[in-house]
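Chains as they are written, first to last, in UniProt numbering: chain A, 1 to 238; chain B, 1 to 238; chain C, 1 to 238; chain D, 1 to 238; chain E, 1 to 238; chain F, 1 to 238.
Think of the hints as simulated: they come from the structure by calculation, not from any bench. Treat each hint with caution, since some may be false.
Because identical chains cannot be distinguished in the list, a pair is counted as satisfied if it fits within a single copy or across any two copies.
Each computed EDC-like pair below joins lysine to aspartate or glutamate, with the alpha-carbon atoms no more than 20 Å apart [claimed, not checked]:
1. K75 - E44
2. K75 - E89
3. K105 - E207
4. K149 - D180
5. K75 - E205
6. K105 - E205
7. K105 - D184
8. K75 - E45
9. K105 - E44
Number of protein chains: 6
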Amino acid sequence: MRPSGRQPQQLRPVVITRHFTRHAEGSVLIEMGDTKVICTASVEESVPPFLKGKGEGWVTAEYGMLPRSTNSRMKREAAGGKQSGRTQEIQRLIGRSLRAVVDLKALGERQISIDCDVIQADGGTRCASITGAFVALQDAIAGLIASGKLASNPIREHVAAVSVGMVQGQPVLDLDYLEDSGCDTDMNVVMTAAGGFVELQGTAEGEAFSRAEMNALLDLADAGICELIAAQRKALAA
Amino acid sequence: MRPSGRQPQQLRPVVITRHFTRHAEGSVLIEMGDTKVICTASVEESVPPFLKGKGEGWVTAEYGMLPRSTNSRMKREAAGGKQSGRTQEIQRLIGRSLRAVVDLKALGERQISIDCDVIQADGGTRCASITGAFVALQDAIAGLIASGKLASNPIREHVAAVSVGMVQGQPVLDLDYLEDSGCDTDMNVVMTAAGGFVELQGTAEGEAFSRAEMNALLDLADAGICELIAAQRKALAA
Amino acid sequence: MRPSGRQPQQLRPVVITRHFTRHAEGSVLIEMGDTKVICTASVEESVPPFLKGKGEGWVTAEYGMLPRSTNSRMKREAAGGKQSGRTQEIQRLIGRSLRAVVDLKALGERQISIDCDVIQADGGTRCASITGAFVALQDAIAGLIASGKLASNPIREHVAAVSVGMVQGQPVLDLDYLEDSGCDTDMNVVMTAAGGFVELQGTAEGEAFSRAEMNALLDLADAGICELIAAQRKALAA
Amino acid sequence: MRPSGRQPQQLRPVVITRHFTRHAEGSVLIEMGDTKVICTASVEESVPPFLKGKGEGWVTAEYGMLPRSTNSRMKREAAGGKQSGRTQEIQRLIGRSLRAVVDLKALGERQISIDCDVIQADGGTRCASITGAFVALQDAIAGLIASGKLASNPIREHVAAVSVGMVQGQPVLDLDYLEDSGCDTDMNVVMTAAGGFVELQGTAEGEAFSRAEMNALLDLADAGICELIAAQRKALAA
Amino acid sequence: MRPSGRQPQQLRPVVITRHFTRHAEGSVLIEMGDTKVICTASVEESVPPFLKGKGEGWVTAEYGMLPRSTNSRMKREAAGGKQSGRTQEIQRLIGRSLRAVVDLKALGERQISIDCDVIQADGGTRCASITGAFVALQDAIAGLIASGKLASNPIREHVAAVSVGMVQGQPVLDLDYLEDSGCDTDMNVVMTAAGGFVELQGTAEGEAFSRAEMNALLDLADAGICELIAAQRKALAA
Amino acid sequence: MRPSGRQPQQLRPVVITRHFTRHAEGSVLIEMGDTKVICTASVEESVPPFLKGKGEGWVTAEYGMLPRSTNSRMKREAAGGKQSGRTQEIQRLIGRSLRAVVDLKALGERQISIDCDVIQADGGTRCASITGAFVALQDAIAGLIASGKLASNPIREHVAAVSVGMVQGQPVLDLDYLEDSGCDTDMNVVMTAAGGFVELQGTAEGEAFSRAEMNALLDLADAGICELIAAQRKALAA
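Just chain A, with the same shape it has in the complex (with noise of 0.2 Å):
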């Protein structure tokens, strides 16, 4: 039995709330449980530097968590004078997961900024920050559609993204905190509605883990990419 009391391929409760905020082109809260993340999809009609005159878009994230969304505080990223390695290298996945959906030369010579801020964290951030971009990313391209300044949509399919892992021998999907910070193996898992494979992120935290351990855990994600993927149109049918 899981601490939560969930079944081993079961999600946490997804609530998904679009025009959380009301200035970004995208804006969404996106809840797993108790991990909440503000995602926010900001479209700029210019370009970074290495794609100026290229006729190609760029979309990119940024990731911060509050200081009090964890159980002890943490300190400011802003007040420190950097951001850490786990933001890095957090934000650079968010990133690469939205730009492997997105057709670029589609979008033209515009920038859309994701921003991911956690208010509230119990495990997942990451994963709920690429489930909850999707949709923010949707919006504001459909902004643009709607504005007239793109004529088609270069999102070419969705993507979600959850944790799976190993938790005393079982695999088990969607770790909250207290399974993510006890569990042997621990899998990020990007996929498309296709069931293509856009980032896996393993890493035995405790023991190396073997192939038919990996099989069992990317059987729970497909399964659970799947019901996310669900919940994203679910909310944008809204």
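Following the hints, put chains B, C, D, E and F in place on chain A, whose structure we already have.
Here is chains B, C, D, E and F on its own, set in the frame of chain A:
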């Protein structure tokens, strides 16, 4: 007539939601119209080096804005590697305002760290931060009392803050962003329940302002603070 | 009786020395008793990016203290790698105060950078900086007029600053360090020759202050500013 | 046919030179074809603060590239004032990979710092770093045993790393720079001698990848790791 | 003829003003013609970590230039967030030069921090800093002796510094800015009263210089140092 | 007798390996006994802003030490976020030394960036860097000539560097770390093939040094430089 249709002496709707996030000892979402700030209070059983061994406590504050809390996306301060002068000015103001109503000796050798994070901005974020942070501070201290760590409440009285300004020649209360960016004089007033001034920061954006204008503004502020403290009391009583 | 033997409404001796250093377009040493600040005004024929092409000028300020301007040596900010929140707050105040009396359109597309460097501190350094910087600014602008780069003076009126405070229950003018560190209320007042307020920053260090106390303090400030502006005029006439 | 003329399942020539520099307790030059990395292991008889007094050791890693290890000169990170997100991601990976095979309690309260400095890059620098660092770590620990500071070897098993990827539709082992920059999928695999996974990081650069493709890649990686561990053993036996 | 009308072997007028500011244990304004530097010496009853418990003292130095000490305004290093290479080079030189004449064991476990702040620059600021700092250091040590904290003077002999250079083929003493920026060879010479060299830094700006030229320059420096040490003695006797 | 068994006037074995790494236009490993430095020269077809449009080139240098090039591990400067004063001092010296022998106008509007990275240190790393960097620079320029980008060689003459010092009362050439850390006087001498001085940096670590001692040291340096330039020529002829 004000852009929002409000009367000169009318506050925006104030909503104070306690226990907004789960981990902090005090956690409040304060909404002043479209301005929304998460204020948390975190108790740490240690003090900064300059207070070690003096038997006194400390209250400090940090402030931030989510990059897309504003109309156009601001650079993330953590990514830029430093907090702006404005940010530092605001967080110093919040800290001083709260310390002014706390008996630091009675707090004992512990620190309460306030974090004010703006998730949506429409003017008046520093004032909303102070008003909301006071409630979070009360909740954190109530927890210390409930757990037997404090025998009595070191908070001497309520404190709240509001902005006032001369907009097109007229004194108005609680400026929103539109008014704030176009006003002649902008004043942030921090007051106690007993009507004493804790902080007063007035700036002539265009013309210098007269003593008479200042008095009119302070009358408005005085009335506004009363309403805000009533809102704090109501929230704390809930 | 004040520690310095002054009357409550008595300024410290004010000495304003123009042409203190050789290179700057305006260079002033201002002494308010033992507080000594070098204020220079540097003309640059370009403006910051946000003003490019708008036909408008800019006045900005930076502030610093020599490490041993104070009683115990302070860390050198350049070595520490950043300016403190206090430093930034003060230099923003100086800049705003000067811009309030300059017609930036009439200044033309150029920037005047003010540097206020405290070589000896005894309280009131930010006020002395503003009062001295105004004279340096006048000299720099006189140079622009003399060289034919400006047809008329874009300065609308004099501006000066002084601190006032409640010390042991009594309102006093122009606090020195001893008074400043022990006072209940400290207020920095920036005013024009015409008696308008440009900036007003009051802080209750201990007890909150009343409207009556504030009025008494502003009366003192008003008289003090008159004397300071007289001293500016005398120096400029020399 | 691969650009280098290699077979899909063929590693580049691996050369592991021990005792490459004089001062470090372990010092290895690893060459994977044209990729050359100096890996040193430095023993320090203290641990980071979070481990003080816990009777446990630590293994950590830092990574860097000489500015002209690459085809066009990169900015020197020390001059720029910070390590890139990529650098931090890599050094965190190296540290986790090595810690996964060390019994930190058995290491005792000391830290081994790994430095991986790329002097010439042709793809796969993070994998070469891990494979080479393991040998440097072994040498450093052998020294601790020889000097009587450790009674037995806290290393549980060999660990090595290799990249695999889908290049033009074909799974290949040990990508060089040319392949790496043109591939569809890139996966870094860190495995133990017993065939367990320690880290798995797959990224779809273009198209998402399927489970079948991933399995083909992991088969290649498995075989490659065996060869790399054989090369480690041979070097350590010399 | 030199631009200033001086003879090749002629120093600029040297003025050394002791007790220039009030707070520091030693405070000197040194003027070498138009070059003006405030040199303070601050006594701290502690030493840097690497000297803790060794019964030895330390003398260290920091150097800065006011932004408008120069002909065109320099960026303020505190605002830029770091000290330039030139600044660091100079402050290291000042520190080494002073330590060379102090018996650090006899100083006892305390640190004297020298601050050299250039308020007006016309070439030779690093040399003026050393010559002036020596006098400030003497005053600070005299205070330690007067207060009974030191039994005898740990300063072994006077030290002073001067620049020499080849200007248009001729060796000259004590270069001003005009000469310095146009010279072929520039040499900073730090010497003791006994005529020993403490530091020697020669740079060929254009053509390399010969041994004969160097000897001519050192003869000039030798004589200049004698005059400077006489000026130090006279100031200290006043 | 010197610790290494060398005669006072004896250099350590000098080995200069060209084409040490593959990517740089010039790449040299220089070994002076146990001191080993990788020197690369990178050609960039642009110049720093201050030279834009002046038809002149630039040669600049950066210097670094691998963390474990030294006996005990040094902090990695990239991780610490800044280059030390020593690092900056050395890289400025290398840059000036090389520029002294290059006709920058003849180089044309391009920059050659020198990187000197110490992989093993045993004293004299800055001198070895200069001597090795000169060879890398020659190779980079030979490439420009070979490709037709330069018609003739802008290098005027060879430059090399060596340290000399007073060790236990005796002048010796080319100090290793043991001698360097125990010597009374340490002098770094940069000279041209024609015997001119480019840079001269002498420091009395203990006692001040006399003119006679300096002359003895310069005689040693002169002879050492001749040998080093012969080694450069031999390497370039190979």
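Here is how each hint holds up against the structure:
1. Taking identical chains as interchangeable, the C-alpha atoms of K75 and E44 lie at most 20 Å apart only when they sit on different chains, with a minimum of 13 Å there against 30 Å within one chain.
2. Taking CA atoms no more than 20 Å apart as the test, K75 paired with E89 passes in both settings, with 18 Å inside one copy and 19 Å between copies.
3. For the identical chains of this complex, K105 and E207 are inter-copy neighbours only, at 15 Å across copies versus 44 Å inside a copy, given an alpha-carbon limit of 20 Å.
4. For the identical chains of this complex, K149 and D180 are neighbours neither inside a copy (43 Å) nor across copies (32 Å), given an alpha-carbon limit of 20 Å.
5. Proximity of K75 to E205 under the C-alpha cut-off of 20 Å is found in neither arrangement, the shortest distances being 25 Å within a copy and 28 Å between copies.
6. In the homo-oligomer, the alpha carbons of K105 and E205 lie at most 20 Å apart only across protomers (15 Å), although the nearest pairing inside one protomer, at 40 Å, exceeds that limit.
7. In this homomeric assembly, K105 and D184 come within 20 Å of each other (Cα to Cα) only across copies, at 18 Å, whereas the closest approach inside a single copy is 41 Å.
8. Taking the shortest Cα distances, K75 and E45 sit within 20 Å of each other only across copies (16 Å), while inside one copy they are farther apart (34 Å).
9. Proximity of K105 and E44 under a CA criterion of 20 Å is satisfied intra-copy only: 16 Å inside one chain copy versus 30 Å between copies.
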